[in-house]
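One letter stands for each residue in the lines below.
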Amino acid sequence: MKYVNILISIAFVSLFISCQDEITVDIPDSDKKLVVDAWIRADTNLNVVRLSRSANFSENGLDFPETNAQVFIANENGFRIDFVEDSAGKYIYEQNPNFVVNEFYEMNIVTNDGVSFKSSPEQFLEVQKIDGLLFFTPNFLADFGFPDGFFGEGVYPSITTVEKPGKGDFYAWKIFINGEDLGIGNNLFTQTDQTFVDGATIPYGVFIWADSVGIDEAGRGDTVTIEQMSISEDSFDFINAVNSQLNGGGPFSTPPAPVKSNVFREDNLDEVVLGRFILSDSEKKTEIVRPELVVDNIDFLSIP
Amino acid sequence: MLNEVPMIKQVVLTTLSLLVFFSSGLAQNFAISGVVKDADGYEVAYASVKDTISKKGTYTNEDGSYIFNAPAGKYVLEFQSLGYAPSYRVVFLSANTTINIVLEAQALELEEVVIENNEVEQKLNSTEMSTEELTVEEIKKIPAFLGEPDVIKSIQLLPGVTTVGEGATGFNVRGGNIDQNLILADNASIYSSSHLFGFFSVFNPDAVSDLKLYKGSIPARFGERVSSVLDVHQRTGDFERYTLDGGIGVVSSRLTVGGPIIKDKASFTLSGRRTYVDQFFRFSPDEAVQNTDAFFYDLNTKLSYIVNENNVLTFTGYLGRDEFNLDNESFVFNWGNRFGVVNWEHKFNDKLKVNSSISHTNYDYTLGFASFFNWTSQISTLTEKADFVYEANEKHTLGFGINNNNHHFRPGFASPAEDFEDSFEDVIVPQEWSMENGVYLQDEMKVTDKLTVLAGLRFSFYNSFGQADEVVYEDNAPKNAGTAIDTLRFNRNEVTATYAGLEPRFSFLYKIDSLSSLKFGYNRNLQYLQLVSNTTSGFPLDVWKAADYHSKPLKSNQFAVGYVRGLFNNQIELTAETYFKVLRDVQDYKNNADLFLNTTLETELLEARGRSYGLELMLRKRKGKFNGWLSYTLSRTELLTKSEFEEETINNGNWYKASWHKPHDVTFVASYDFTKRFSSSLNFVYATGRAITFPDSRYEILGVVIPNYSTRNADRLSDYHRLDLSATLKSKNYDTKKWKGSWVLSIYNVYARRNAFSYTFSNLGEGSAQAERLSLLGTILPSITYNFKF
Chain A
1 MKYVNILISI
11 AFVSLFISCQ
21 DEITVDIPDS
31 DKKLVVDAWI
41 RADTNLNVVR
51 LSRSANFSEN
61 GLDFPETNAQ
71 VFIANENGFR
81 IDFVEDSAGK
91 YIYEQNPNFV
101 VNEFYEMNIV
111 TNDGVSFKSS
121 PEQFLEVQKI
131 DGLLFFTPNF
141 LADFGFPDGF
151 FGEGVYPSIT
161 TVEKPGKGDF
171 YAWKIFINGE
181 DLGIGNNLFT
191 QTDQTFVDGA
201 TIPYGVFIWA
211 DSVGIDEAGR
221 GDTVTIEQMS
231 ISEDSFDFIN
241 AVNSQLNGGG
251 PFSTPPAPVK
261 SNVFREDNLD
271 EVVLGRFILS
281 DSEKKTEIVR
291 PELVVDNIDF
301 LSIP
Chain B
1 MLNEVPMIKQ
11 VVLTTLSLLV
21 FFSSGLAQNF
31 AISGVVKDAD
41 GYEVAYASVK
51 DTISKKGTYT
61 NEDGSYIFNA
71 PAGKYVLEFQ
81 SLGYAPSYRV
91 VFLSANTTIN
101 IVLEAQALEL
111 EEVVIENNEV
121 EQKLNSTEMS
131 TEELTVEEIK
141 KIPAFLGEPD
151 VIKSIQLLPG
161 VTTVGEGATG
171 FNVRGGNIDQ
181 NLILADNASI
191 YSSSHLFGFF
201 SVFNPDAVSD
211 LKLYKGSIPA
221 RFGERVSSVL
231 DVHQRTGDFE
241 RYTLDGGIGV
251 VSSRLTVGGP
261 IIKDKASFTL
271 SGRRTYVDQF
281 FRFSPDEAVQ
291 NTDAFFYDLN
301 TKLSYIVNEN
311 NVLTFTGYLG
321 RDEFNLDNES
331 FVFNWGNRFG
341 VVNWEHKFND
351 KLKVNSSISH
361 TNYDYTLGFA
371 SFFNWTSQIS
381 TLTEKADFVY
391 EANEKHTLGF
401 GINNNNHHFR
411 PGFASPAEDF
421 EDSFEDVIVP
431 QEWSMENGVY
441 LQDEMKVTDK
451 LTVLAGLRFS
461 FYNSFGQADE
471 VVYEDNAPKN
481 AGTAIDTLRF
491 NRNEVTATYA
501 GLEPRFSFLY
511 KIDSLSSLKF
521 GYNRNLQYLQ
531 LVSNTTSGFP
541 LDVWKAADYH
551 SKPLKSNQFA
561 VGYVRGLFNN
571 QIELTAETYF
581 KVLRDVQDYK
591 NNADLFLNTT
601 LETELLEARG
611 RSYGLELMLR
621 KRKGKFNGWL
631 SYTLSRTELL
641 TKSEFEEETI
651 NNGNWYKASW
661 HKPHDVTFVA
671 SYDFTKRFSS
681 SLNFVYATGR
691 AITFPDSRYE
701 ILGVVIPNYS
711 TRNADRLSDY
721 HRLDLSATLK
731 SKNYDTKKWK
741 GSWVLSIYNV
751 YARRNAFSYT
761 FSNLGEGSAQ
771 AERLSLLGTI
781 LPSITYNFKF
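Protein chains in written order, with this note's numbering: chain A, 1 to 304; chain B, 1 to 790.
So that you can see chain A by itself, here it is in the shape it has in the complex:
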């Protein structure tokens, strides 16, 4: 839909009649809601859960940590790992959690005032390896079919991977440049399901496209890491919904709406909780942006 929005913009701009300006809207304060930021990964010895309270628009900043809470992940097979508060609202677990593939896990939180929150069970799913990492140039992408000028200068990472056949798998990718986390990639197939690629070997790569991920020319020689993470379908829907909130409100956007958390207050299911408990296995691939990995024209497609 992004292409369509760009097209519409061109149509309107061509008429020189539309305009955008910034206004201030008066919004009354609302209840402070618990926010759970917990993307737990299996391949690390440092997992972090951040607990906070939502911020009203009348308040400056977002620093409203939820302190002195008990945080642990457990399941019915006796698994349990406890997080400890490292700093205000930041709870860490410093060992590998050793999740078992396909098992379900629940996050538990007891706040300082004794209120218990719990997540619905989240399944730990295996992930596929990244076989290769390439970097596309705007020139290649134009040959590929994107309009000229659609992409700014720079190179755009792309991975080669094999989608596991037989069921609908869902993925998210993170991109790191020289170790800096650029966040979740957002592209045509970033979060994918079996409809498109079930079982297919993706011959020319999953193209990781996000507005912020173009690596400019000066960045050649940088170290780029792509992290491929398995996620559940519900988490996939959650990330999509979060993305649509960020872009919500436009004439051709879906109307903004509450994004449902999988964490709930045990004695009051109607209380709104924000954020999500996400479980992922992950695989990483790191390459330096060097000439032999940069794809500059469509002739690349003829490589057997």
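Please keep in mind that the hints were generated in silico from the structure rather than gathered at the bench.
Quick reminder that beta carbons are idealized off the backbone N, C-alpha and C, glycines included.
List time: in silico SDA-like cross-link candidates among lysine to any residue, alpha-carbon distance up to 20 Å:
| id | chain 1 | residue 1 | chain 2 | residue 2 |
| --- | --- | --- | --- | --- |
| 1 | A | 260 | B | 648 |
| 2 | A | 260 | B | 482 |
| 3 | A | 32 | B | 768 |
| 4 | A | 260 | B | 483 |
| 5 | A | 260 | B | 644 |
| 6 | A | 33 | B | 702 |
| 7 | A | 260 | B | 477 |
| 8 | A | 260 | B | 654 |
| 9 | A | 33 | B | 768 |
| 10 | B | 642 | A | 269 |
| 11 | B | 446 | B | 389 |
| 12 | A | 32 | B | 710 |
| 13 | A | 90 | B | 704 |
| 14 | A | 260 | B | 647 |
| 15 | A | 284 | B | 702 |
| 16 | B | 642 | A | 271 |
| 17 | A | 260 | B | 481 |
| 18 | B | 212 | B | 59 |
| 19 | A | 260 | B | 645 |
| 20 | A | 260 | B | 710 |
| 21 | A | 33 | B | 710 |
| 22 | A | 260 | B | 714 |
| 23 | A | 260 | B | 649 |
| 24 | A | 260 | B | 702 |
| 25 | A | 118 | B | 647 |
| 26 | B | 55 | B | 71 |
One-sided and incomplete, this derived list gives chain A residues near chain B with beta-carbon spacing under 8 Å:
| id | residue |
| --- | --- |
| 27 | 20 |
| 28 | 33 |
| 29 | 54 |
| 30 | 55 |
| 31 | 57 |
| 32 | 62 |
| 33 | 245 |
| 34 | 254 |
| 35 | 255 |
| 36 | 258 |
Go by the hints and put chain B onto chain A.
Frame of chain A, contents of chain B only:
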């Protein structure tokens, strides 16, 4: 059930055959027939055609045509309509005769004459209520966006009709969504009424004669939609002389030619229109922009053939398309409608006549990256219908008929281009086949001199057919991938779902005195097709969904009470109407629904209840040097989506406002003829901002700050208001010269109001709520157009 389709078609064919049979020899009198037009070549509807000797006569139809049967003899016919000088013809009738009349305008004398049979009187004496009429002349007087007179934009100025914003597709009538309007052009339905995302409508003003909008009390002959019927009549070609009409504007031009094929027997019109903004792209220094096409065009034609005094055949055709091709078609996006309809008007005798038609309409779009993938979608409908009118006696006028719609939807088909065939598979949203039938009977009964009753009953019957795989979900569970337990396979032509219902329609007219009438109306409507659209503004990529195994038809019950009063010798009409509408099974969407190429749409759809009520007031002066209207609408439109399951509940099960809800709406439209050559028009529109959802707080997860939206549509945009002006200067001796030219200067959005179309909240880390306000028309828009007629 397999045999139902051919059986119903057989009924239609049999009926048509019977018409042919009955048509052979029932005519006993000679007929005087023809078309009444004005000096500009437009048909004059409801003009009186009266023999001044016997005082007998008739009125012209909506397309200006009339048939007057009488025995041989001498007649002095008077042709008269408000605003025109009467015209007379002496006829010695000994054979069927065609008389086409051109009425000359008589605007200046209007205020001096006693006015009879005008629109106000018609409204006072008609059971019709909740209807609005506009002629193309009225539409052309309204200041136009970029100088292009527009049918849809014009009706949005009428009370009870709104839009979510400038440049939005479609229109909302009395709280109905944009898919609840049946849009007809000469009996053919149109699925998408917009060009350029809603900035222009598909109706070329030069190809239109007049229109009528039914907002309620919808006659029993109309079904298919629950909120309104927009009945547009295409212009009939002149039977005597060739005509040429057109306009040259800043963004588009249009040309219409018409005239006789066989003098007094057959005529044609052919109209074309195209925008040419993209031609300016050729001067861009950017090669990609140079190679970009962005335009729309449409072609209209109408062929008319007066077979004899009792039979008139017409064919109307339309082809329109929006084209966006970026950078030598590396990105392609196009969409459009096309339809063809054959209408046959047949008069059995003075009392019984029929209008039957067969039409095919199609809407499709394509979106694609030329070297990557293509996505197409298509909807088409074949319709056969026959509408009979039987004027039994002075007290009863009967209407009855049948119609049959065969729908075929291909909602979505996405396929990879050659280089990517191994990368992903085709995505095919299953095709849908369905059939919708209706029969109706209505009687307009003149009970007393003061009381007239229109009672109608329509029965609609609907089937959806396979081939289809319908997912079965657990009982007492929300529909989602996790609750799917089975799949039912329906073979081709096997019935997957059947729905039927009675649709009663009543209207009562009580004429209080010669200047005022009281009216009451009730109508129940069923709608078997709904638009799947979860965006604020309708979009060309939206797809229609037919009722099926999972989706029930939409139902509506509307009550209305109205008061009509003629003021100042019936020159001004005052109407006041209040209405209450209740809707069931309105299609709504789960929060954050994913509709894109979704093969199990039922997991994202919800069936809501709706209610809408309001008051509409209008003062209207139709003729004279000064004319126009002032209207005010007070309304409320709400939806309710409640379920025992949270994911199928919106707003905690409480009523929430529809996104097109605008409680206050004021419109002032005025036109003044300063001289015969120079006139000026004005529009002023004020409306409360539409309902939207604001965030109530913000929070950070996944490294980004996210607004938290809570109560759906609890807030609203800033108020909307806009002033438009136009001035028209006609060429010297406009009324007498063959070549008639006129310059129209329009100024749209005179004081450059930045009316908000949407807010997007941004800068969420700040200590206040900042939003980007998008104004699709954020500036003053002057334009100049040269119109001509020959």
